[in-house]
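K.L.:
Each chain, letter by letter, is given below.
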Amino acid sequence: QQQVKQSPQSLIVQKGGIPIINCAYENTAFDYFPWYQQFPGKGPALLIAIRPDVSEKKEGRFTISFNKSAKQFSLHIMDSQPGDSATYFCAASPTQGGSEKLVFGKGTKLTVNP
Amino acid sequence: ETGVTQSPTHLIKTRGQQVTLRCSSQSGHNTVSWYQQALGQGPQFIFQYYREEENGRGNFPPRFSGLQFPNYSSELNVNALELDDSALYLCASSPGGPNSPLHFGNGTRLTVT
Numbered sequence: 001q002q003q004v005k006q007s008p009q010s011l012i013v014q015k016g017g018i019p020i021i022n023c024a025y026e027n028t029a030f031d032y033f034p035w036y037q038q039f040p041g042k043g044p045a046l047l048i049a050i051r052p053d054v055s056e057k058k059e060g061r062f063t064i065s066f067n068k069s070a071k072q073f074s075l076h077i078m079d080s081q082p083g084d085s086a087t088y089f090c091a092a093s094p095t096q097g098g099s100e101k102l103v104f105g106k107g108t109k110l111t112v113n114p
Numbered sequence: 115e116t117g118v119t120q121s122p123t124h125l126i127k128t129r130g131q132q133v134t135l136r137c138s139s140q141s142g143h144n145t146v147s148w149y150q151q152a153l154g155q156g157p158q159f160i161f162q163y164y165r166e167e168e169n170g171r172g173n174f175p176p177r178f179s180g181l182q183f184p185n186y187s188s189e190l191n192v193n194a195l196e197l198d199d200s201a202l203y204l205c206a207s208s209p210g211g212p213n214s215p216l217h218f219g220n221g222t223r224l225t226v227t
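From first to last, the protein sequence lines are chains A and B. Be aware that the first sequence starts at 1, since it is given in this note's numbering, and climbs by one per residue. Be aware that the second sequence starts at 115, since it is given in this note's numbering, and climbs by one per residue.
Do not rely on the hints blindly, as some may be mistaken.
[Claimed, not checked] In the SDA-like style, the derived pairs of lysine to any residue whose C-alpha atoms are separated by at most 25 Å in a straight line are:
id: 1; chain 1: A; residue 1: Lys101; chain 2: B; residue 2: Thr128
id: 2; chain 1: A; residue 1: Lys101; chain 2: B; residue 2: Glu167
id: 3; chain 1: A; residue 1: Lys101; chain 2: B; residue 2: Arg177
id: 4; chain 1: A; residue 1: Lys101; chain 2: B; residue 2: Asn173
id: 5; chain 1: A; residue 1: Lys106; chain 2: B; residue 2: Asp199
id: 6; chain 1: A; residue 1: Lys101; chain 2: B; residue 2: Phe178
id: 7; chain 1: A; residue 1: Lys101; chain 2: B; residue 2: Gly130
id: 8; chain 1: A; residue 1: Lys109; chain 2: B; residue 2: Ala201
id: 9; chain 1: A; residue 1: Lys58; chain 2: B; residue 2: Ser214
id: 10; chain 1: A; residue 1: Lys71; chain 2: A; residue 2: Glu26
id: 11; chain 1: A; residue 1: Lys101; chain 2: B; residue 2: Asn193
id: 12; chain 1: A; residue 1: Lys15; chain 2: A; residue 2: Phe62
id: 13; chain 1: A; residue 1: Lys106; chain 2: B; residue 2: Thr123
[Said to hold, decoys possible] Chain B stretches covered by chain A per the calculated footprint, using a threshold of three residues with CB under 8 Å from any CB of chain A:
id: 14; region: 153-163
id: 15; region: 216-226
Because the hints were derived from the structure by calculation, they are not lab data. Just so you know, these numbers come straight off a predicted model, no measurement behind them. Note that CB positions come from ideal geometry on N, CA and C, so glycine has one too.
Could you put together the complete structure from these sequences and hints?
P.N.:
This is how it looks when you write it as structure tokens:
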């Protein structure tokens, strides 16, 4: 049973565009929602994370929007650059279980064309 | 401050063999988690170690086992390797506590033939 569904599987935008990646979760015990960025040959790196007590969080060009009632959250990348081309993963975990026990989505491969 | 380091980077094994993967935690981190990432998929949680004891396990069979040492480094052992065990194995450390960010290493690419 896939607990975190991520879409789209792949995404191509032009430089300066605003790619949006969406995730939906099922487990209402989830209360920590990070996004990770992974380049080929590298491990995932934490980009930004949110908890359900806020509806939006911004860090630089990255914004998470969170809709608790719909059990959905999304990542927006403002003014995207070719260097943002990578695979992005959403994830979720329950605090009770420990934030280290993340459930990941299947990933979105983002390509930003110059 | 050194990050999470894993060894070896690549490994080729034959079905039925056993393998040990190693991980050195980031300085100051007492919690280590292991994840399996199949090609084109997201990482899947295998287990976590905190102060040398297993502290949670994902949906993996007992032939996946681990250790954490007093210096917080860790090993992942897989017995009776199967073809489906071919994947990138990721180690992640964290300082522990609620919502502690995970710091991943670059993984070990295991190929089982």
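K.L.:
Of the hints stated earlier, which fail here?
P.N.:
1 and 7
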